[in-house]
Amino acid sequence: MRAVGDDFLDVRGHGFARVAVCVPQVRVGDPVFNADAHQAVLERVHAEGAHYALCPELGLSGYTCGDLFFQETLLRTSVEALARLAADTARWNLVLSVGLPLVVDDLLFNCAVTLYGGRPVAVAPKAYPPNYREFYELRWFHPAAEARATEVTLLGHRVPFGTDVLVRATHLPGFVLHTDICEDLWTPVPPGTIAALSGATVLGNLSASNVTVGKWEYRQDLVRSSSAKNLAVQLYSAAGFGESTADLAWDGQGLIAERGEIVAATERFSLGGNAVTVDIDLRALVEDRLRQSSWGQNAAEYGHALRTVDVGDAADARPASLYDRLLRRIEPHPFVPADPARRDVRCRETFLITSTSLARRLEALPEDGRRVVLGVSGGQDSAQALLVAAHAMDLLGLPRSRIIGVTLPGFGTSRRTYENACTLVRTIGATLREVDIKLVAGEMFTSIGHDPSVEDRTFENVQAWARKFLLFSLASREHGIDLGTSDLTELALGFTTYGGDHMSHYGVNAGVPKTLVSELIRWAAEKIFHDEPDVAAVLRGILDTPISPELLRLDRAGEIAQKAEEIVGPYELHDFFLYHFLRFGFGPRRIARMALHAFDGRYPLATIRRWLLVFLERFFANQFKRDCLPDAPKVGSGGSLSPRGDWRMPADASAAAWLAEAEQIPAEVGERRPAAPPTLVEARARARRRRR
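Every number in this note's numbering is 164 more than the matching position in the sequence shown, counting from 1.
If you are wondering where the hints come from, they were derived from the structure by calculation, not from laboratory data. Since the model is a prediction, treat every value here as computed from it, not as a measurement. A virtual CB, placed ideally from N, CA and C, is assigned to each residue, including glycine. Among the hints, a few may not be true.
To be verified - Under the rule of at most 30 Å between Cα atoms (straight-line distance), these lysine-lysine pairs were calculated in the DSS-like manner:
#, residue 1, residue 2
1, Lys798, Lys691
2, Lys798, Lys727
3, Lys379, Lys393
4, Lys727, Lys691
5, Lys727, Lys602
6, Lys393, Lys691
Unchecked claim - Label pairs and their computed distance ranges (CB to CB):
#, residue 1, residue 2, range
7, Ser408, Ala204, 14 to 24 Å
8, Pro504, Ala701, 33 to 43 Å
9, Val509, Pro563, 21 to 31 Å
10, Ala505, Asp764, 21 to 31 Å
Based on the sequences and whatever the hints tell you, model everything.
Shown next, in the form of structure tokens:
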């Protein structure tokens with residue numbers, strides 16, 4: 165049998181755990197039927213590879229039993245149903261939580277029982293039974309605070325009893341479970357919040373929430389909010405078809421949320437048993453808790469030393485191949501929402517963040533200094549900066565003629581980009597200026613004795629410096645500021661000339677990744693300039709133009725020869741790498757596994773590995789450029805690279821450990837590579853071999 169983590173595809177070795185929310189069909193007062201219904205749904209999620217399954221409140225008895233809860237027969241048969249369920253799942257490597265009424269010290273409690281390996285391992289009584297409107301639970305059940313015992317004998321085992329019990333699955337790194345029941349989640353300070361601050365990462369709420377119009381949306385908000393504020397996974401399972409409809413209705417809503425996002429949901433109003441299974445990202449959760457210092461401060465103040473039960477030594481008989489496929493969606497473009505409505509909102513928000521930030525910077529200048537000079541290349545970054553500058557001028561009530569769009573033709577400027585640049589500046593209403601850099605660059609080549617026929621790094625850098633020298637000079641003459649155009653992706657890769665295009669008086673794109681720049685231009689053409697066909701047309705033309713610094717001469721056909729993505733790799737891959745490296749601190753091996761799933765076959769593993777190595781090498785080698793970035797607004801929660809903001813890193817830090825881990829990524833699916841990252845000694849040895 166394949167060990168966990170010894171294969172690159174196995175998601176268990178990358179910090180994921182598979183969980184399920186189950187909504188079995190129920191028959192009120194019939195624990196035998198209910199145990200069978202639970203078993204049927206649990207068999208399904210177990211076959212799908214679930215490590216944990218959550219079932220509804222009082223699911224073994226039914227929630228709407230009323231005064232039948234006082235009947236000895238119902239209480240006894242509910243425990244017998246629990247025993248059957250424990251025995252039937254004993255050989256499964258599955259933690260599961262089910263609901264039933266339990267008598268403890270002659271008091272009746274509404275309980276969540278967590279089972280593993282054929283035995284109960286924790287019992288959590290409901291902390292806050294509701295007693296208002298349609299709810300009348302205090303007629304039958306005592307709140308947890310009234311319990312006298314801290315342990316209970318159940319199915320022949322002494323089991324921790326209380327709201328202060330955590331279940332840690334030792335075979336799932338980072339999985340620490342706490343359960344509470346229905347109303348507990350709706351209170352101002354839920355038991356799950358205290359548990360999360362005390363170490364729980366997975367919060368399970370067994371519910372029997374009846375449905376009314378619009379209530380499902382409130383539940384979603386509640387579950388999403390709990391997972392967000394607690395930096396946790398919140399599971400929620402509400403009772404479904406079969407509960408009494410004498411006065412209430414039931415929709416069987418099951419939800420799984422992770423750090424503020426609903427990642428899975430059951431179909432509501434299903435007449436049969438229902439369930440949903442998804443892989444949760446425990447490593448991302450732990451990384452978020454490491455970074456969010458205020459969460460740690462809150463945990464220090466309100467967290468408690470809770471009792472912990474360790475489970476997880478049983479062998480898993482399920483085939484390891486179950487875990488070769490990730491059961492969750494990972495966005496291939498994390499900076500650009502896939503949903504069109506959310507994408508439009510993201511673009512509008514980004515556009516307003518950058519334009520109002522520029523307006524504020526201009527407002528801080530003397531009135532006669534509120535002018536913007538920027539190089540317009542006919543490419544995407546400068547087009548986006550020009551659109552932002554135009555809106556900033558509009559916000560300040562200043563004429564767009566105060567924007568001086570400078571086209572700087574050089575050795576690699578194509579007719580296509582030149583015409584794009586000139587047309588865009590004119591149609592926007594800015595002032596067009598043209599300064600040919602070849603003369604200035606040629607004088608520099610002569611001064612330093614460089615042969616301009618040799619297209620090397622010096623040939624490229626001198627042109628970039630000539631551009632910036634001319635832009636700064638023009639900004640000085642016009643009493644304005646030079647507006648930078650470099651984007652977040654270029655800064656991460658260092659694909660920008662130090663002291664050249666990476667420098668400016670203010671940068672509006674520095675927090676915007678390349679994939680979002682492209683989407684912003686597309687959005688502007690469709691939404692902002694749809695009634696200005698000339699502007700929309702040139703923006704679409706810019707999107708169709710290959711991305712290039714245009715620092716090498718054109719090919720024989722007069723077309724762009726220097727294409728950025730042929731040099732550094734696909735920008736969509738680099739933005740994926742950047743987001744998960746910067747936002748969560750994930751290692752190369754995990755990032756590659758996630759990328760393989762996210763892009764769903766568009767890039768083979770060898771391609772992902774190749775460009776990930778390029779990303780890591782360039783990211784570490786170019787920190788010195790980011791150490792002296794001009795001011796620029798942070799745009800997204802994915803982070804920025806400002807040395808004054810999100811990212812602080814020594815320019816001489818070694819990339820050896822990251823590169824060594826990336827080199828362990830197999831070149832193709834199925835190739836075996838060691839799962840563990842290299843030791844520091846191994847990483848240094850590999851770095852020495854590369855230097856030789």
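task: Please work out if Lys727 and Lys691 have their alpha carbons no farther apart than 30 Å.
output: holds, 29 Å
query: If you check the beta carbons of Val509 and Pro563, does the distance land in 21 to 31 Å?
result: Roughly 30 Å apart at Cβ, these two residues keep to the hinted range, so it holds.
- prompt: Taking only the CA atoms, is the gap from Lys727 to Lys602 under or equal to 30 Å?
  reply: The given pair, whose Cα atoms are some 20 Å apart, holds under the 30 Å limit.
task: Assess, step by step, whether the Cα of Lys379 is no farther than 30 Å from the Cα of Lys393, and give holds or violated.
output: Holds, because 21 Å separates the two Cα atoms, which is no more than 30 Å.
message: Given the hint of 14 to 24 Å, is the C-beta distance from Ser408 to Ala204 inside that range or not?
response: holds, 21 Å
message: Hinted pair, alpha-carbon criterion (30 Å max): Lys393, Lys691. Please report holds or violated.
response: violated, 35 Å
task: Evaluate the given range 33 to 43 Å for the C-beta pair formed by Pro504 and Ala701.
output: Check failed, 22 Å falls outside 33 to 43 Å.
- prompt: Taking 30 Å as the top limit, are the C-alpha atoms of Lys798 and Lys727 close enough?
  reply: Holds, because 28 Å separates the two Cα atoms, which is no more than 30 Å.
task: Starting from the hint 21 to 31 Å, judge whether the C-beta atoms of Ala505 and Asp764 obey it.
output: holds, 23 Å
- request: Below or equal to 30 Å on CA atoms is what counts here, so check Lys798 against Lys691.
  value: Holds, at about 24 Å.
The structure is inconsistent with the numbered hints 6, 8, although it conforms to all the rest.
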